[in-house]
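With the hints as extra help, turn the sequences into a complete structure.
First to last, the sequence lines map onto chains H and W.
Okay, so the first sequence: first residue is 1 according to our numbering, each after it adds one.
Okay, so the second sequence: first residue is 1 according to our numbering, each after it adds one.
No lab work stands behind these hints, which were simulated from the structure alone.
As the structure is a computational prediction, the values presented were derived from the model and not from experiment.
Glycine included, C-beta positions come from ideal geometry on N, C-alpha and C.
It cannot be assumed that every hint is accurate.
List of simulated lysine-lysine pairs, DSS-like, C-alpha gap at most 27 Å [stated by the list, open to error]:
| id | chain 1 | residue 1 | chain 2 | residue 2 |
| --- | --- | --- | --- | --- |
| 1 | W | Lys223 | W | Lys73 |
| 2 | H | Lys308 | W | Lys73 |
| 3 | H | Lys122 | H | Lys83 |
| 4 | W | Lys223 | W | Lys55 |
| 5 | W | Lys223 | H | Lys20 |
| 6 | H | Lys20 | H | Lys382 |
Here are some chain W residues pointing at chain H (derived, C-beta under 7 Å) [to be verified]:
| id | residue |
| --- | --- |
| 7 | Glu82 |
| 8 | Asn151 |
| 9 | Ser330 |
| 10 | Gly375 |
Covered by chain W, per the in silico footprint, the following chain H stretches (three or more residues, Cβ under 8 Å) [claimed, not checked]:
| id | region |
| --- | --- |
| 11 | 44 to 56 |
| 12 | 95 to 102 |
| 13 | 195 to 205 |
| 14 | 390 to 398 |
| 15 | 424 to 431 |
Here is how the chains run, residue by residue.
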Amino acid sequence: MTEQLAMMDFHPQPQAGAPKPWAFPAPQRGTLDNGLTVLHCHRPGQQVVAVEINLDAPLDAEPKGLDGVSTIMARAFNEGTDKHSAEEFAAELERCGATMDAHADHPGVRVSLEVPVSRLPKALALLADALRAPAFADSEIERLVRNRLDEIPHESANPARRAAKELSRQLFPADARMSRPRQGTEETVTAIDAAAVRAFYEKHVRPATATAVVVGDLTGVDLAALLADTLGAWTGDTAEPRPVPPVIADDSGRVVIVDRPGAVQTQLLIGRIGPDRHDRVWAAQILGTYCLGGTLTSRLDRVLREEKGYTYGVRSFAQVLRSAPDGTGASMLAISGSVDTPNTGPALDDLWQVLRTLAAEGLTDAERDTAVQNLVGVAPLKFETAAAVAGTLADQVEQHLPDDFQAHLYRQLAATGTVEATAAVVSAFPADRLVTILVGDAAAIEEPVKALNIGEVTVVAG
Amino acid sequence: MPMGHTATAEAGSGGLTATEHRLANGLRVVLSEDHLTPVAAVCLWYDVGSRHEVKGRTGLAHLFEHLMFQGSKQVHGNGHFELVQGAGGSLNGTTSFERTNYFETMPTHQLELALWLEADRMGSLLAALDDESMENQRDVVKNERRQRYDNVPYGTAFEKLTALMYPEGHPYHHTPIGSMDDLDAATLEDARNFFRTYYAPNNAVLSIVGDIDPQETRAWVEKYFGSIPGHDGKPAPRDGALPDVIGGQLREVVEEEVPARALMAAYRLPEDGTRACDAADLALTVLGGGESSRLYNRLVRRDRTAVAAGFGLLRLAGAPSLGWLDVKTSGDVEVPVIEAAVDEELARFAEEGPTAEEMERAQAQLEREWLDRLGTVAGRADELCRFAVLFGDPQLALTAVRRVLEVTAEEVQEIAKARLRPDNRAVLVYEPTAPAEADTETDTETAENAEEAGR
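And the structure:
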């Protein structure tokens, strides 16, 4: 070995060259005759075009007792139209080399299409048919309902999914839609039929409240004509803007153990709610949260993973739940990961110590600098694909943000100081106001967790 | 370069070219220019994977991959991560049966840093490797195993299928994550020897893709990697060749706490890099790749006996590839019902072959997957390394999609007839058990039963 070292020439660490300018792409905005808002963006070289559709059909709008109807509707967009049966529709999409996925979440329904640009016209026509004239055939809806019911036990068995479900139940008031599973429960899904799906569609899906985002290499594509022929044929009335209820959560510090006898690891999810992108603190919160647990050299993993080996990785993050034009929206602030069963107590003890030290001593300038360099520097790689750009543009629309929000965020991040980042992360993760969900072996972890005094401990069935 | 009669004639020809070079120490270097975005991807494949591991040391290649991030002569502690991320880059490493890869995607002006970092650990890892990192990363990897495999329903299915499919003693009998016992048994000396044996410039391919100046980049590669001595101490991996077909059905029933019954199977398929492997890929796509596939239409749409049904292909170059069937049952449906339907569909497909429309759909799907892979500089860098390491020619990456599009329906039918048969598969059946009880008496009982079942 020493021999080998002697033979290699060592050089000092190289200095960076001159950075090349890069900016988050600015989309062009327009409106079709039917009221559909369209954003598009030309990305040279991106042969797989991404199309994102936002539908203003939030989970809050689901009728009482029918949680999951929005999910079933979203899935049914892939199951046939006035021109194609369900099987034919899937076949036609795949013939284009396209994928089309739809999912329902608190802010609304998102439909995502990806297709090679040469087959964009055909795929856009299929997408337009799905939105304009979905079949919602009785037997297909019945199948989707059964399929959804079959999925529920698989989700409950997954420790991460189970933890997320429990955290929502703990944080939000029982009558708030956010407290309940996004895709419904066994009881509510069972009650869904084709009539319910159609009623939801007719009430909440229309071009005037929808947005289409198209991103990719659009060289030689007459997008205006293409859109007019496809999504332009979709018709509908107008709707009053919907009031967005505020998000309320109970973040008094407590611990809930979801019992999994014999589990070799404890899945942890520690969370509360906090500001969304409308808040001036957002950039500082992103920065501080990255320093706390954005990567394996952040504070949490430096101790829990790289020093103690308790985990494969623990991350902290902020994820927007729902935003409102007036800025009353909220995001979920959380720390998640899994630790081995015997070290669950010690790992949580260390985690809380990291939070307390952060609150007492703050971030260092070096940490702040590295975080800014990373968050700003990775932008060109993060947004290399059309799908990544389209997803962010659609998020901005969904969250009632201006089209240049992301571009502006990079300037804000670069201008955010250590003191602001510290204040933001400390107020995002206060050690005494966190709801801790542990999916693990209660017999092994309950006592050690109680001894930590991080809140009252209750055990619920797995 | 032309991509044949594809959906995107311009896609491939948009300047996708690659050049190859070799340093005096044996390091192969592949460069590919693309100036659309100011980023550059660095990818380094070492020709070593879990197939090179020996009995009693499964998981060593992957554990070693973790140690590559623990510092080298000029890089301290987690410096590799810190420097790349601090430069606005992203990075990782992964280990598979056949290779270990390390990659950084950097803003163009930070490319030189990534090369310096990779060279430092290729040449001087042992200067920093110590017991402390070894013990720490051993624990991290054991937690990775728990998180990704042991603590998730069906999490060890792939490991079980592999063990059934490739016989005891075969280099692919175990998966890269390795066993807990072997991870515990690995020593610092094992790690040192592993480095000395496999981490040499003449056992690696370096690809650099993106917004690069080829001349400047070649000069940097020469400067940082050129003086690392090559060596030839690498033993050839054990032969992974097996007969074309298994010649009988292998079977294991797993009784575990899972949410639903499942039928999984692994079919023995042709090695990667062959036209027959591309034909098998198309066959599996027609049968189980997406929501217009034959198995999805039959099991999920029509019979409604399954929640999900699909086929995947694990391409392997040093052993037969593996076609992985995965069906989760719906409600109370029993596995034999599913199995009979699968057999019927496979037999019908072998008899009829794909329709022209099915071929078109399968080829369009695989083509889009290729465009996705080649659509980022990191994906392109990885594919160039793959074809250079496994098949000796990086240029093959740029024509791979054309080869898939050239396969005929007859070839697809032929491979289905020859390989997608009950006597050429290993079957794994999951039967759910009731959840374990929490009190100690039942625990003891469960443990005894488990031991009996294991004999």
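Consistency of the hints with the structure:
Taking the CA atoms of W/Lys223 and W/Lys73, the gap is about 17 Å. The hint holds against a cut of 27 Å. Restraint check for H/Lys308 and W/Lys73: satisfied, since their Cα atoms lie roughly 23 Å apart, inside the 27 Å limit. About 13 Å separates the Cα atoms of H/Lys122 and H/Lys83, which keeps this hinted pair within 27 Å; it holds. Only pairs whose Cα atoms come within 27 Å are accepted, and W/Lys223 paired with W/Lys55 is rejected, the gap being roughly 39 Å.
Distance restraint check for W/Lys223 and H/Lys20: the Cα-Cα separation of roughly 24 Å lies within the 27 Å cut-off, and the hinted pair is therefore satisfied. About 16 Å separates the Cα atoms of H/Lys20 and H/Lys382, which keeps this hinted pair within 27 Å; it holds. The interface hint given for W/Glu82 holds, since its Cβ lies 5 Å from the closest Cβ of chain H, which is under the 7 Å cut-off. Checking W/Asn151 against chain H by beta carbon gives a least distance of about 5 Å; that is within 7 Å, so the hint holds.
Hint status for W/Ser330 relative to chain H: holds, with the closest Cβ pair at about 5 Å, below 7 Å. For W/Gly375, the suggested interface contact is upheld, since its CB lies about 6 Å from the closest CB of chain H, less than 7 Å. As drawn, the region 44 to 56 of chain H meets chain W at 5 residues by the rule of a beta-carbon pair under 8 Å; at three or more, the given contact holds. Coverage of a stretch by a chain is defined here by at least three residues with a beta carbon nearer than 8 Å to that chain's beta carbons; for the region 95 to 102 of chain H and chain W the count is 5, and the condition holds.
Figure legend: the region 195 to 205 of chain H, annotated as covered by chain W; annotation inconsistent (0 residues with Cβ-Cβ distances under 8 Å, at least 3 required). For the region 390 to 398 of chain H, the proposed coverage by chain W is not satisfied: 0 residues have a C-beta within less than 8 Å of a C-beta in that chain, short of the threshold of three. With 0 residues bearing a CB less than 8 Å from a CB of chain W, the region 424 to 431 of chain H misses the requirement of three and the coverage assertion fails.
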